[in-house]
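With chain A fixed as given, assemble chain B with the ligand onto it according to the hints.
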Amino acid sequence: MSLITIDPRKAAPFPEAAAEILRDTQLRKNVAHATDVIQYKRAAVVAEKDDWQALRDAGATIRKEALQHLDSYLEQFEQQFTRAGGHVHWAADAEEAQRIVLGLLREVQATEIIKIKSMTTAEIDLNRNLAENGIRAYETDLAELILQLGAELPSHLIAPALHKNRQQVRELFAREMHLPNLTDDPPALAEAARLYLREKFLKVKSGVCGANFLVADTGSVCIVESEGNGRMCLTLPDTLIAIAGIEKVIPRFSNLEVLLQTLPRSATGERMNPYSSLWTGVTPGDGPRNLHVVLLDNGRSEILADTTSRQTLQCIRCGACQNACPVYRQTGGHAYGAVYGGPIGAILTPQLFHMEHAQSLPYASSLCGACYEVCPVKINIPEVLVYLRSKVVDQNRGKLASVFNQERVAMKMMARILLSRERFETAQRIARVLEKPLVGKDGWIHWLPGLAGRWTAARDLEALPTQTFREWWKERGNA
Amino acid sequence: MSREVVLHRVRSALAGSKAEDLPATSAYRRTGILTAEQKLHMLEDRLGEYGARVFRASEQDLRERIALALIEGKKLRMVHPSGLPEAWLDGRISWTADSNGGGEELSLARIESFDGVLTAATVAVAESGSIVLQHGAAEGRRALTLLPDYHLCVLFEHQLVETLAECFERLKGSATRPTTFISGPSATADIEMTRIKGVHGPRFLDVILVAP
Ligand code: SF4
Numbered sequence: 123m124s125l126i127t128i129d130p131r132k133a134a135p136f137p138e139a140a141a142e143i144l145r146d147t148q149l150r151k152n153v154a155h156a157t158d159v160i161q162y163k164r165a166a167v168v169a170e171k172d173d174w175q176a177l178r179d180a181g182a183t184i185r186k187e188a189l190q191h192l193d194s195y196l197e198q199f200e201q202q203f204t205r206a207g208g209h210v211h212w213a214a215d216a217e218e219a220q221r222i223v224l225g226l227l228r229e230v231q232a233t234e235i236i237k238i239k240s241m242t243t244a245e246i247d248l249n250r251n252l253a254e255n256g257i258r259a260y261e262t263d264l265a266e267l268i269l270q271l272g273a274e275l276p277s278h279l280i281a282p283a284l285h286k287n288r289q290q291v292r293e294l295f296a297r298e299m300h301l302p303n304l305t306d307d308p309p310a311l312a313e314a315a316r317l318y319l320r321e322k323f324l325k326v327k328s329g330v331c332g333a334n335f336l337v338a339d340t341g342s343v344c345i346v347e348s349e350g351n352g353r354m355c356l357t358l359p360d361t362l363i364a365i366a367g368i369e370k371v372i373p374r375f376s377n378l379e380v381l382l383q384t385l386p387r388s389a390t391g392e393r394m395n396p397y398s399s400l401w402t403g404v405t406p407g408d409g410p411r412n413l414h415v416v417l418l419d420n421g422r423s424e425i426l427a428d429t430t431s432r433q434t435l436q437c438i439r440c441g442a443c444q445n446a447c448p449v450y451r452q453t454g455g456h457a458y459g460a461v462y463g464g465p466i467g468a469i470l471t472p473q474l475f476h477m478e479h480a481q482s483l484p485y486a487s488s489l490c491g492a493c494y495e496v497c498p499v500k501i502n503i504p505e506v507l508v509y510l511r512s513k514v515v516d517q518n519r520g521k522l523a524s525v526f527n528q529e530r531v532a533m534k535m536m537a538r539i540l541l542s543r544e545r546f547e548t549a550q551r552i553a554r555v556l557e558k559p560l561v562g563k564d565g566w567i568h569w570l571p572g573l574a575g576r577w578t579a580a581r582d583l584e585a586l587p588t589q590t591f592r593e594w595w596k597e598r599g600n601a
Numbered sequence: 014m015s016r017e018v019v020l021h022r023v024r025s026a027l028a029g030s031k032a033e034d035l036p037a038t039s040a041y042r043r044t045g046i047l048t049a050e051q052k053l054h055m056l057e058d059r060l061g062e063y064g065a066r067v068f069r070a071s072e073q074d075l076r077e078r079i080a081l082a083l084i085e086g087k088k089l090r091m092v093h094p095s096g097l098p099e100a101w102l103d104g105r106i107s108w109t110a111d112s113n114g115g116g117e118e119l120s121l122a123r124i125e126s127f128d129g130v131l132t133a134a135t136v137a138v139a140e141s142g143s144i145v146l147q148h149g150a151a152e153g154r155r156a157l158t159l160l161p162d163y164h165l166c167v168l169f170e171h172q173l174v175e176t177l178a179e180c181f182e183r184l185k186g187s188a189t190r191p192t193t194f195i196s197g198p199s200a201t202a203d204i205e206m207t208r209i210k211g212v213h214g215p216r217f218l219d220v221i222l223v224a225p
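Going down the list, the protein sequences come from chains A and B.
Residue numbers 123 to 601, in the working numbering, belong to the letters of the first sequence in order.
Residue numbers 14 to 225, in the working numbering, belong to the letters of the second sequence in order.
Calculated directly from the structure, the hints in this document are not laboratory data.
Fair warning: there could be bad hints in the mix.
[What the hints assert, rightly or not] In silico BS3-like links for lysine-lysine, alpha-carbon gap of 30 Å or less:
no.: 1; chain 1: A; residue 1: K325; chain 2: B; residue 2: K210
no.: 2; chain 1: A; residue 1: K500; chain 2: B; residue 2: K31
no.: 3; chain 1: A; residue 1: K513; chain 2: B; residue 2: K31
In isolation and in its complexed conformation, chain A is listed as follows:
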């Protein structure tokens, strides 16, 4: 049975899922290729901005300010959006959000909806819930369409089908859209999607989307996209429901002058994405008349309460940390067993699940810091990872024989040894004796027992030198 799922309650620990995925060489090639392309493009458009660091600082300040006064900004957004003829709903958890959306769609007797790509709706598993209640959701973003037709799971924040290459997409479209003569030329694939969805755009009367930003002072919703499927979904239907995490709010309209520079450059390596749309309630004669925003908590307020990990909520979902991460670049998103993969997923997922699930994710990192360096809102992901590791250890204290427990004992012993010179020197001598049976002819250790065996499972360890620097120094009569 495959270990791959995006439900953190059922997912295998990261090392097991990763081990399975690493056997899929085609997937690894696709992920490496796509992340290479995008990193290269990003570097070029970032390098031409000599105020890039100032923009990152500004982005961080905007997002921090929003979170520090989240309650007032949410209320301000609600007030403004409502005054403009829209409706705002609040959902404490995923189930409530599903219920609200279903209720709104039933009110207008919807049996199908068109959707703009939204990680938040994936987080609350909306499509499945709607399907169980007789409402069919059509994903209209090209990547989401690929996933939906292939019954596949998303693997990236921005390009959720980046684990598929053009030949694989061609095969899928040819089969599902009955186009035996389709070529694998990307423009031909895009054209196929255009024709396939056009009729839906013109006919389906209800749309569901996420939101990139909610602007508090004007009450506007902002969607950033490329294909125009977003514009279709937010313009043509009569009813439009946007589902947004409560952290998506920004204080001011003018904040977009920063975020609309850093988001496209970080996300797709473009100076600007083809389309960004803003709407503020209902505009007579233009677009949906029945407008809703669902504000979703689902664990976010708990993250907000912790001042170390609060920065997790600054995220604007650009995916740059995923592209930069040496671990993600090997495994892709599926190994993370959640909707949110890569470094941001490694800190967000366990917290959304109260640290009870996805406990292995904070360890799925070498702490190299590449994610922090590219993050357009300066989330210190390594800092949060280390902090969450300690939380995982705390959470598991008392559960005997857990690996985290062994690690804790080891760390305690290490601390005692490092605190005293004598103990340290004795430990070195003892280690030299103990390691003897393990050292191979080549001077390397290939196998270690117990918890330490995790190190040698993937790497070799060099044997200790026969003499330490201090011993050599002493021998020269320098002590």
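Positioned in the frame of chain A, the structure of chain B with the ligand alone reads:
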């Protein structure tokens, strides 16, 4: 009520900590430094990279320039918002006005059936290669610039700013109008992260820059 539940949770989450002093957000470049001509060049360049075509015209030959672009491209059946200046509409092209909310509106299928749409714009940004529509009388409701496969947009030099900050300064007074930033024709990077032109929005975008 979940409204109270969520707000209460948020307030208690924040109650435990003091608001951190945040650095000012203004150190990035807000004001442009380019001359008018350099700005036009930059916009041309950036839009060109996205796959849009840019033409220049003076106010006097604007009508002719519009007609030429359409005739060359065989876009002979055009739709336009009702607030567009009559003077732009050359008789060699067949023109249909959308009613802009008042009176009888064109159906979506009807809008889609035209060869293209001609509109004005609100602002344009040189640095990001964007034109911004706020869907007023000369820009039309949003569906109008979305369904036809071709969009021809007329832009005046005084509407062009260099930076995004300058753009938001100009939009301030009309921030709550529906607003669309358009930076090139519809595209996707979803297959192998390569920008491919043309998915759902107009696949062809031409811009006419009107400068003396
Ligand atoms: S954590 Fe930063 S880099 Fe990663 S997706 Fe969020 S904003 Fe982008």
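The hints, checked one at a time:
{"no.": "1", "hint": "A/K325 x B/K210", "result": "holds, 25 Å"}
{"no.": "2", "hint": "A/K500 x B/K31", "result": "holds, 20 Å"}
{"no.": "3", "hint": "A/K513 x B/K31", "result": "holds, 23 Å"}
The structure meets every hint from the earlier list without exception.
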